[in-house]
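Here is how the chains run, residue by residue.
2 protein chains.
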Amino acid sequence: MKTFKIGLLGLGTVGGGTLNILQTTLTEIKRRIGHNIEVRIIAVRDLNRARSVDVSGIQMTTNPEEVVSHPDVDIVVELIGGTSYAKDLLITAINNGKHVVTANKALIAEYGNELFALANQNNVIVNYEAAVAGGIPIIKAVREGLAANKIEWLAGIINGTGNYILTEMAKPGADFEQVLKTAQALGYAEADPTFDVEGIDAAHKLTILASIGFGIELQFNKTYTEGISKITAQDIQFAKQLGFKIKHLGIANRTASGYSLRVHPALVAQDVLIANVDGVMNAVMVKGDHVGPTMYYGPGAGAGPTASAVVADIIDIIRAQSQNIEDRVPGLGFKAEQLAQAPVEAIDQICSRYYLRCSVNDQAGALAQISAKLADFQISVDQLHQEPSLEDSEAVTLVMITDKVQESVLNQALLALTSLGVVDSELQRIRVADLG
Amino acid sequence: MKTFKIGLLGLGTVGGGTLNILQTTLTEIKRRIGHNIEVRIIAVRDLNRARSVDVSGIQMTTNPEEVVSHPDVDIVVELIGGTSYAKDLLITAINNGKHVVTANKALIAEYGNELFALANQNNVIVNYEAAVAGGIPIIKAVREGLAANKIEWLAGIINGTGNYILTEMAKPGADFEQVLKTAQALGYAEADPTFDVEGIDAAHKLTILASIGFGIELQFNKTYTEGISKITAQDIQFAKQLGFKIKHLGIANRTASGYSLRVHPALVAQDVLIANVDGVMNAVMVKGDHVGPTMYYGPGAGAGPTASAVVADIIDIIRAQSQNIEDRVPGLGFKAEQLAQAPVEAIDQICSRYYLRCSVNDQAGALAQISAKLADFQISVDQLHQEPSLEDSEAVTLVMITDKVQESVLNQALLALTSLGVVDSELQRIRVADLG
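Top to bottom, those sequences are chains A and B.
Residue numbers are given in numbering that gives the first Met the number 0: position 377 of the first sequence equals residue 376, and the series is strictly consecutive.
Residue numbers are given in numbering that gives the first Met the number 0: position 364 of the second sequence equals residue 363, and the series is strictly consecutive.
Do not rely on the hints blindly, as some may be mistaken.
Since the list gives no way to pick out one identical chain from another, each pair is judged satisfied if it fits inside one copy or across any two copies.
Said to hold, decoys possible - Pairs of lysine to aspartate or glutamate, EDC-like flavour, derived with a Cα cap of 20 Å:
(1) 334 / 216
(2) 149 / 27
(3) 170 / 270
(4) 239 / 270
(5) 180 / 197
What the hints contain is simulated information worked out from the structure, not anything from laboratory work.
Since we're looking at a predicted model, the values are computed, not measured.
All chains, full assembly: derive it from the sequences and hints.
As structure tokens, then:
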């Protein structure tokens with residue numbers, strides 16, 4: 000029995016949760032691994048702040064440099080967030096030969112390539128299970144559990160705030176602004192909700208999932224990102240009538256010549272299991288060529304779930320200590336020299352079905368004109384729904400689901416439709432995700 | 000780059016699927032592990048049988064002993080099934096210092112304790128991801144992904160045949176016998192469906208899940224097993240009216256003084272995600288004390304999914320070769336000497352809500368008599384539904400959901416009810432699984 004020593008950067012929600020697990024569940028963990036784990040030193044901002052966890056006997060410091068350079072520390076756990084100082088600290092930790100665990104999705108998505116390269120040079124491990132979908136062991140499932148597969152695609156509800164908002168907006172009388180306020184009051188959304196609502200947080204996670212699924216470098220800057228702030232309660236109701244739910248998804252799939260990485264709202268057929276994942280819960284579907292469709296569901300945030308993933312990473316590092324370095328699970332699941340180079344395609348290269356909503360003057364022939372114009376672009380309409388406009392008694396609201404079409408073609412068609420003058424400029428366009 | 004050599008026992012559905020992956024996906028797998036995998040020898044029953052997989056260049060034998068004793072073979076993959084000859088072969092393989100991968104749930108559930116002990120003595124690994132829920136990496140999720148948690152309970156749809164039958168029985172006009180015939184025609188159920196329909200297959204899997212969840216020895220003989228053959232289409236309809244679906248579940252939970260291991264039909268509230276897992280698909284919920292509720296979903300059977308798990312096990316063994324033996328993930332997820340000894344309790348010790356259906360004579364006071372008798376045993380009724388009997392115009396069918404009660408107490412109450420003479424002897428009783 001060896002004792003492995005942890006240096007903790009940060010003692011906020013997740014840091015406190017991590018310390019709590021290592022105190023309350025240590026006996027159960029020792030039954031599993033046959034080794035001891037000790038939190039040796041913690042860097043905090045304020046030494047005098049009252050804590051809900053017991054830090055007696057643990058060295059406390061306000062200087063994070065002390066943690067990443069501490070001679071006793073085997074594993075540095077970074078839970079302070081941000082991509083600037085956190086990155087510098089982890090670079091020092093890695094150069095000092097420390098293994099690293101982080102829950103920092105932004106850091107991995109934006110700087111993971113260089114961190115993994117540096118870790119390889121220093122023969123240490125960088126683990127990040129908590130960075131995607133909180134407590135769900137999705138990184139392990141993709142990097143190891145499905146390692147016999149060529150992953151065809153991944154699609155996930157990977158931002159709990161967004162999923163909570165869309166779930167609540169499906170209830171009668173709810174609208175985006177009002178639901179967002181409730182989410183903020185409940186602590187599900189930040190005062191500035193941009194990161195969650197505009198899809199940036201989900202894009203960080205999707206970037207990571209795509210890399211470990213396909214064996215490609217992290218390419219956050221090529222991940223298309225669209226938020227949910229333009230989705231209306233009316234869209235959710237129309238989608239429902241057509242047999243769909245609207246979910247904010249991160250989707251990564253292979254294309255003819257490369258990959259598509261994207262975060263956007265999408266219609267999902269009601270009978271697909273992930274369409275029924277509601278509230279703040281997360282779920283990731285992974286389609287492997289041999290296994291077929293699988294799904295992983297659980298809480299995507301919170302002290303306990305996130306810390307559960309952090310401590311699982313610590314356990315994995317402890318077990319991998321004695322392994323030959325080349326036998327360890329690589330940072331992105333594939334050997335660094337084997338990462339594929341195929342391009343991430345622009346969003347307008349995807350093929351998808353589309354939900355279209357527009358308002359047209361209630362004049363005979365408008366529908367015929369629209370259909371004809373779409374037909375000019377070889378776009379056929381799968382489902383059609385029409386109802387009187389709520390705002391304007393002269394107009395009708397037209398809702399369509401198109402057949403599959405390349406987005407660049409659809410864009411041209413929509414432009415043509417708008418210049419035709421039959422539809423208003425506020426045409427709503429939402430992609431359909433076919434996950435069957 | 001090393002080449003690891005596989006000896007395959009059996010080339011049926013899963014054996015063929017495994018060979019197929021190791022041929023079609025080897026390039027992708029090598030990108031992950033940096034080692035080569037070669038199928039060196041395969042034992043089959045009939046050398047001359049036509050195969051859908053290419054066996055050219057692979058030594059074929061009808062003598063399985065040759066595989067488990069072959070000097071070149073590093074890993075023996077057992078896919079012949081059964082618990083007698085398969086066990087003998089794996090004992091020889093282990094004694095010969097071979098690592099073992101098996102998809103054989105009966106073998107692990109019934110003889111795993113001695114196989115893991117023998118493997119420990121011989122410093123080899125026995126992996127069995129494919130034994131539970133086919134392609135879903137549930138063994139890895141519980142043994143590793145959730146290793147920071149004390150697992151509170153597990154509940155799973157772990158037999159695709161049973162889930163298919165219950166799903167189809169929910170459709171108008173379907174009954175058990177007729178749906179079973181369809182399942183047999185589609186190849187989802189065996190000619191003798193006992194193993195699936197009476198819950199034995201699910202009990203094997205639940206036994207394994209309970210062991211890795213709680214860190215207890217495999218105790219198949221103490222797993223309570225009840226099948227679905229007594230569930231009627233009427234029960235499914237009544238359950239639906241009360242807000243539930245009926246699923247065949249394997250459930251393992253902690254009790255006041257030990258554990259409960261059981262397979263039986265159960266009512267699950269419609270808004271719990273697992274209630275919406277339909278057809279032949281499998282799903283396992285795992286509740287950890289820190290992570291909360293998580294769920295793992297995917298195909299539970301078939302060549303591709305099962306082989307996906309088999310090959311993931313091979314990859315794990317290859318990666319663990321260089322690891323100190325004491326650092327490897329233990330067979331049951333916990334160190335052998337740390338397995339807990341608390342008892343598995345008899346089924347009548349569980350506390351549950353219950354669905355009760357009975358036929359009563361349409362006489363004033365019958366309901367009052369029943370309620371009074373239940374009240375004598377401190378059992379209160381949560382939900383009540385009454386409708387005219389289809390068969391007997393003099394009678395009504397009464398459906399109740401009780402509050403939580405110990406099953407031994409419920410049994411006494413039901414006995415008292417029957418002897419009262421107001422209800423018929425064909426009283427239906429189905430447990431409610433509260434998985435919220």
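_Intra- versus inter-copy proximity for residue 27 and residue 149 (alpha-carbon distance at most 20 Å)_ = Between copies only: 7 Å across chains, 35 Å inside a chain, cut-off 20 Å.
*From the Cα coordinates, with 20 Å as the cut-off, is the pair residue 334 and residue 216 best called within, between, both, or neither?*
within (11 Å within a copy, 37 Å between copies)
*Could you place residue 170 and residue 270 in one of the four classes (within, between, both, neither) given a Cα distance threshold of 20 Å?*
both (19 Å within a copy, 15 Å between copies)
*Using 20 Å as the alpha carbon limit, work out where residue 180 and residue 197 are close: within a copy, between copies, both or neither.*
within (16 Å within a copy, 51 Å between copies)
*Alpha-carbon proximity between residue 239 and residue 270, which holds within one copy, between copies, both or neither at 20 Å*: Both: 11 Å inside a copy, 17 Å across copies.
This entry satisfies every hint, going by the numbered hints stated previously.
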